[in-house]
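Enquirer: Sequence:
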Amino acid sequence: MSDKDSQPLSGKDLARKPRGFPDKREGLIHAQAELVGKVTAIYRQWGFEALDTGAFEYADALGKFLPDDDRPNAGVFSLQDDDEQWISLRYDLTAPLARFVAEAGQSLGKPFRRYAAGPVWRNEKPGPGRFREFWQCDADSVGAPGFHADAEMIAMGAEALRAVGMETGEFVIRVNTRRLLNGVLDGVGATSAETRLAILRALDKLDRLGSSGVADLLGKGRMDESGDFTKGAGLDADKVKTVLAFAEAGAETRAETLANLSKATGGTEEGKAGLAELEAIALALDALGAPEGDVVIDPSVVRGLEYYTGPVYEAELLREVTGEDGKTYRIGSIGGGGRYDDLVARFTGETVPATGFSIGISRLASALQIMGETGKLDGPVVVLNLDKENPSTALSIATDLRRAGIRAEAYMGGSGMRPQMKYADRRNAPAVVIVGEDEMAKGTVTIKDLEMGALKAKAIKSNEEYREARPGQIEVPRAEMVEAIRRIVEAQA
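Using this note's numbering, the letters of the sequence shown correspond one by one to residues 1 to 493.
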């Protein structure tokens, strides 16, 4: 460590925040809250009830969520409580649910259908759209056997994404099952854990590397553009074709995909069982009215298989997001879930069937922010304060507006009229209220519609004409102020 590094920080150097913990202003906060409200409204409509667990859990209760049991701070944020037990900020919303269900025991009726929304924390390397603190919105059904329960989660997740504004073709939920993948792995003779993992990792790169790149990773290996070599799974050419045929069996409809998969699973018992799972889910999806474009069966989905025990599903944002900087971004995964029948068992020793779906609220909000759709909220109506010695009139007018349900504030600075108007612009105010000596004498107020004024001002060529026209500006009796402001606010909305 250099002498410079050992010096205490001071002044502006102190004003810094840890990486991966974003500051959020009103536009993003409002967008996030709106997303949570719309998603949880769908969950409640489908009969799920709210549950809120604390931010901290005992580190040993997180179990398999910890990357390294011997280092409680690896992967999660942990500290020792006053009784010297390690407690950790929750890694997701599912581990606390498993603990809650196990703790409640027989007193909790099953299936227990709950939803939850809140922040979670992961001690991982942050990146674009990837944070160490982020919001999730989950729904889970504990004690629900049968693949119709998985289909319900998938269909409800699609409906929730439509509720937040996703249109046909802008998102997709991809469905697969662990057993189907196991059947293919068995069929190509992949018996060792190392080989099976190498095959799964190769399949996970199909959308990025394409068939030829994945074929290399399934075979001897692949060298990337930088010259780095990744060792392959070691399959021969025929087995590589078998695995690729399975991964690329997806078709336009769920029925066509299932037909393709029946030929590509190798005929193993595990593969047949997995195919039966997907057929049952597809049948239930049809009954639930899930559109073909919203939910597809995709055998290349392999993520989360160390955790899930059966069907898995991943929600992806297909729409390319163009930011205000003109650059195009791809957000990718915005949620997912699956069946996890073993999670509660680590507490009770008994297998409890469970399935769930999670939407990444922070990732969705990030997409909106990139598109510039989170900073367009109307600010408050600003009442200018033209009497610095006695601001009572401005304070009284702002109070009247708030009592009428209109967001409003009286200007609190000591500046003149021009800086106050600039302040209202920065606040994105829909209107300002002006009460000078003339208005006081007449019992009126002057209201300036800032949006209408800006539109009309574009057609005015001279300062003289602008002062004469006073675009967007009206004078009304004080008693009519509230309704005049309300009309302006509603018209802008």
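Keep in mind the hints are simulated off the structure, nothing from the lab.
Treat the hints with caution; some may be incorrect.
With a straight-line cut-off of 25 Å between C-alpha atoms, the simulated SDA-like cross-links for lysine to any residue are [to be verified]:
#  : residue 1 : residue 2
1  : Lys110    : Gly146
2  : Lys241    : Met223
3  : Lys205    : Met223
4  : Lys220    : Arg196
5  : Lys125    : Arg25
6  : Lys263    : Gly189
7  : Lys442    : Ala479
8  : Lys125    : Ala15
9  : Lys38     : Val296
10 : Lys241    : Gly169
11 : Lys205    : Thr328
12 : Lys239    : Arg330
13 : Lys241    : Lys263
14 : Lys38     : Leu395
15 : Lys388    : Leu368
16 : Lys272    : Thr191
17 : Lys241    : Leu288
18 : Lys272    : Leu395
19 : Lys24     : Arg407
20 : Lys442    : Ala493
21 : Lys110    : Ala484
22 : Lys272    : Thr328
23 : Lys205    : Ser226
24 : Lys38     : Leu288
25 : Lys17     : Pro119
26 : Lys239    : Ser226
27 : Lys272    : Lys220
28 : Lys442    : Gln492
29 : Lys272    : Gly310
30 : Lys272    : Glu84
31 : Lys442    : Ala484
All values reported here derive from a predicted model rather than from experimental measurement.
Enquirer: It remains to establish, for every hint, whether it holds in the given structure.
Expert: The hints, checked one at a time:
1. The hinted pair formed by Lys110 and Gly146 meets the criterion: a straight-line CA distance of about 14 Å does not exceed 25 Å.
2. For the hint pairing Lys241 with Met223, the CA-to-CA distance comes to about 20 Å; that is within 25 Å, so the pair holds.
3. Between Lys205 and Met223 the CA atoms are separated by roughly 14 Å; this keeps the pair inside 25 Å, and the hint holds.
4. The straight-line distance between the Cα atoms of Lys220 and Arg196 is roughly 15 Å, inside the 25 Å bound, and the hint therefore holds.
5. For a cut-off of 25 Å, the pair hint linking Lys125 to Arg25 stands: about 23 Å separates their Cα positions.
6. With a C-alpha separation of about 18 Å, the suggested pairing of Lys263 with Gly189 holds against the 25 Å cut-off.
7. A threshold of 25 Å between alpha carbons decides the hint, and for Lys442 with Ala479 the separation of about 12 Å falls inside it, so the pair holds.
8. The suggested pairing of Lys125 with Ala15 holds, with an alpha-carbon distance near 21 Å, which does not exceed 25 Å.
9. Restraint check for Lys38 and Val296: the C-alpha separation of about 23 Å stays at or below 25 Å, so the hint holds.
10. In summary, the hint linking Lys241 to Gly169 is not supported, as the alpha carbons are separated by about 30 Å, beyond the 25 Å threshold.
11. Only pairs whose Cα atoms come within 25 Å are accepted, and Lys205 paired with Thr328 is accepted, the gap being roughly 21 Å.
12. Proposed proximity of Lys239 and Arg330 is contradicted: the alpha carbons are some 33 Å apart, above 25 Å.
13. Restraint check: the Cα-Cα separation between Lys241 and Lys263 comes to about 13 Å, which is no more than 25 Å; the hinted pair holds.
14. A distance of roughly 36 Å separates the Cα atoms of Lys38 and Leu395; the hinted pair therefore is violated under the 25 Å criterion.
15. For the hint pairing Lys388 with Leu368, the CA-to-CA distance comes to about 41 Å; that exceeds 25 Å, so the pair is violated.
16. Between the alpha carbons of Lys272 and Thr191 the distance comes to roughly 18 Å, so the proposed pair stays at or under 25 Å and holds.
17. Distance hint between Lys241 and Leu288 is unfulfilled; the C-alpha atoms sit about 35 Å from each other, more than 25 Å.
18. As the CA atoms of Lys272 and Leu395 are separated by approximately 73 Å, the hinted pair breaks the 25 Å bound.
19. Restraint check: the Cα-Cα separation between Lys24 and Arg407 comes to about 21 Å, which is no more than 25 Å; the hinted pair holds.
20. In summary, the hint linking Lys442 to Ala493 is not supported, as the alpha carbons are separated by about 31 Å, beyond the 25 Å threshold.
21. With a CA separation close to 55 Å, the supplied pair Lys110 and Ala484 exceeds the 25 Å bound.
22. Distance restraint check for Lys272 and Thr328: the Cα-Cα separation of roughly 42 Å exceeds the 25 Å cut-off, and the hinted pair is therefore not satisfied.
23. As the CA atoms of Lys205 and Ser226 are separated by approximately 17 Å, the hinted pair is consistent with the 25 Å bound.
24. At most 25 Å may separate the alpha-carbon atoms for a hinted pair to count; Lys38 and Leu288 meet this at roughly 20 Å.
25. As the CA atoms of Lys17 and Pro119 are separated by approximately 18 Å, the hinted pair is consistent with the 25 Å bound.
26. About 28 Å separates the Cα atoms of Lys239 and Ser226, which puts this hinted pair outside 25 Å; it is violated.
27. At roughly 29 Å between alpha-carbon atoms, Lys272 and Lys220 are farther apart than 25 Å, so this suggested pair is violated.
28. In summary, the hint linking Lys442 to Gln492 is not supported, as the alpha carbons are separated by about 28 Å, beyond the 25 Å threshold.
29. For the hint linking Lys272 to Gly310, the alpha-carbon distance of about 13 Å falls within 25 Å, and the restraint holds.
30. Between Lys272 and Glu84, the direct Cα distance comes to roughly 50 Å. Violation of the 25 Å bound is thereby established for this hinted pair.
31. Pair hint Lys442 plus Ala484 holds up; C-alpha atoms about 17 Å apart against a cutoff of 25 Å.
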